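J.: First residue of the sequence shown? That's 0 in numbering that gives the first Met the number 0, and the numbers climb one at a time after it.
If you are wondering where the hints come from, they were derived from the structure by calculation, not from laboratory data.
Some hints here could point you the wrong way.
What the hints assert, rightly or not - Computed cross-link-like contacts, DSS-like style, restricted to lysine-lysine with a CA-CA straight-line distance of at most 27 Å:
# : residue 1 : residue 2
1 : Lys-104   : Lys-117
2 : Lys-201   : Lys-123
3 : Lys-201   : Lys-104
4 : Lys-201   : Lys-129
5 : Lys-123   : Lys-95
Unchecked claim - Here are the computed distance ranges between Cβ atoms for each label pair:
#  : residue 1 : residue 2 : range
6  : Cys-205   : Arg-162   : 43 to 49 Å
7  : Gly-133   : Gly-204   : 17 to 23 Å
8  : Leu-155   : Leu-120   : 17 to 23 Å
9  : Gly-204   : Ala-165   : 31 to 37 Å
10 : Gly-203   : Asp-98    : 19 to 25 Å
11 : Tyr-94    : Asn-158   : 46 to 52 Å
12 : Cys-205   : Gly-133   : 26 to 32 Å
13 : Thr-134   : Gln-88    : 50 to 56 Å
14 : Gly-149   : Arg-174   : 19 to 25 Å
15 : Asp-98    : Glu-164   : 52 to 58 Å
What you are looking at is a predicted structure, and each value in this text was computed from that prediction instead of being measured.
Positions of the beta carbon are idealized from the N, C-alpha and C atoms, including for glycine.
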Amino acid sequence: MILIFNSINLHLTPVKKYRFASVRIMSYQCKLLSFLATVMVTLGLPFMPVLAQTAITPEEDLGVNGISPTQITLDPIKEIFVNSSGYAQNTQELYKQPDLIQNVKRQINWTKRIQLDKMELPLKVTYEFKDNSGTANRLNNSTTSNSTIGVILNPLESNLVFRSEARNVAVVEGRVELTLDPNQSHIAGVHGGRLSVCIQSKDGGCL
């Protein structure tokens with residue numbers, strides 16, 4: 000079974016619109032696409048109830064295929080501009096879109112309980128990321144699909160932290176880094192996507 004983060008919503012909120020009394024104005028004040036973002040991640044399992052908690056321990060009886068946590072809030076994205084300030088010399092420069100940072104990094108930690116006798120050893124975990132339309136490696140806006148956030152996945156670690164042959168249970172923890180590129184986000188608003196986590200089983204499928 001694949002562990003799926005059912006929705007990853009990137010909330011883009013415009014900051015206060017600029018005012019100008021002269022042509023010389025700080026570029027971050029006149030940036031039309033300025034935003035702060037918070038990534039909301041919701042975990043879910045098909046055909047199983049969602050377990051709402053923030054941590055898992057081997058002693059907790061969550062049942063096979065339990066997951067934790069069910070929701071993650073990443074730090075707000077504030078590091079948007081390549082240059083934090085600048086000057087416009089004319090109207091054309093005033094309305095020009097400033098350069099945006101292309102590698103905003105955020106991390107997701109997850110925990111999964113699986114059946115020990117079905118898990119392939121050594122442990123192998125793979126990831127897949129798609130937006131709401133099914134296109135790989137990006138988030139997109141729910142109303143304007145051409146406004147996208149590029150996503151590069153970098154698996155950091157995955158470990159078997161608990162195993163019990165008597166109970167036929169294993170607990171796996173993992174961490175993945177998302178590198179976000181906001182340069183194609185043309186509008187503010189919610190940008191969504193879906194992250195799938197696959198723990199390889201002995202038959203070549205996913206747990």
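J.: Now tell me, hint by hint, if it's right for this structure.
T.: Each hint, compared with the structure:
For the hint pairing Lys-104 with Lys-117, the CA-to-CA distance comes to about 34 Å; that exceeds 27 Å, so the pair is violated. Proximity of Lys-201 to Lys-123 is assessed by CA-CA distance (about 11 Å); at most 27 Å being required, the pair is judged to hold. With a C-alpha separation of about 33 Å, the suggested pair Lys-201 and Lys-104 falls outside the 27 Å cut-off, and the hint is violated. Taken as a hint, the Lys-201 and Lys-129 pair is honoured in the structure, with Cα atoms around 26 Å apart against an allowance of 27 Å.
Proximity of Lys-123 to Lys-95 is assessed by CA-CA distance (about 46 Å); at most 27 Å being required, the pair is judged violated. Remark: the range hint 43 to 49 Å for Cys-205 to Arg-162 is contradicted by a beta-carbon distance near 19 Å. Between Gly-133 and Gly-204 the C-beta distance comes to about 21 Å, which sits within the given range of 17 to 23 Å. A beta carbon spacing of about 20 Å between Leu-155 and Leu-120 agrees with the range 17 to 23 Å that was offered as a hint.
Taking the beta carbon of each, Gly-204 and Ala-165 are about 25 Å apart, not inside 31 to 37 Å as hinted. The supplied range of 19 to 25 Å is broken by Gly-203 and Asp-98, whose beta-carbon atoms lie about 45 Å from each other. Checked against the hint of 46 to 52 Å, the pair Tyr-94 and Asn-158 passes, with Cβ atoms roughly 50 Å apart. Checking the proposed 26 to 32 Å range against Cys-205 and Gly-133 shows it is violated: the Cβ atoms sit about 18 Å from each other.
Between Thr-134 and Gln-88 the beta carbon distance is about 39 Å. The supplied range of 50 to 56 Å is therefore violated. The beta-carbon spacing between Gly-149 and Arg-174, approximately 21 Å, falls within the hinted interval of 19 to 25 Å. Checked against the given bound of 52 to 58 Å, the beta carbons of Asp-98 and Glu-164, roughly 56 Å apart, stay inside it.
Checked against the numbered hints above, the structure breaks hints 1, 3, 5, 6, 9, 10, 12, 13 and satisfies the rest.
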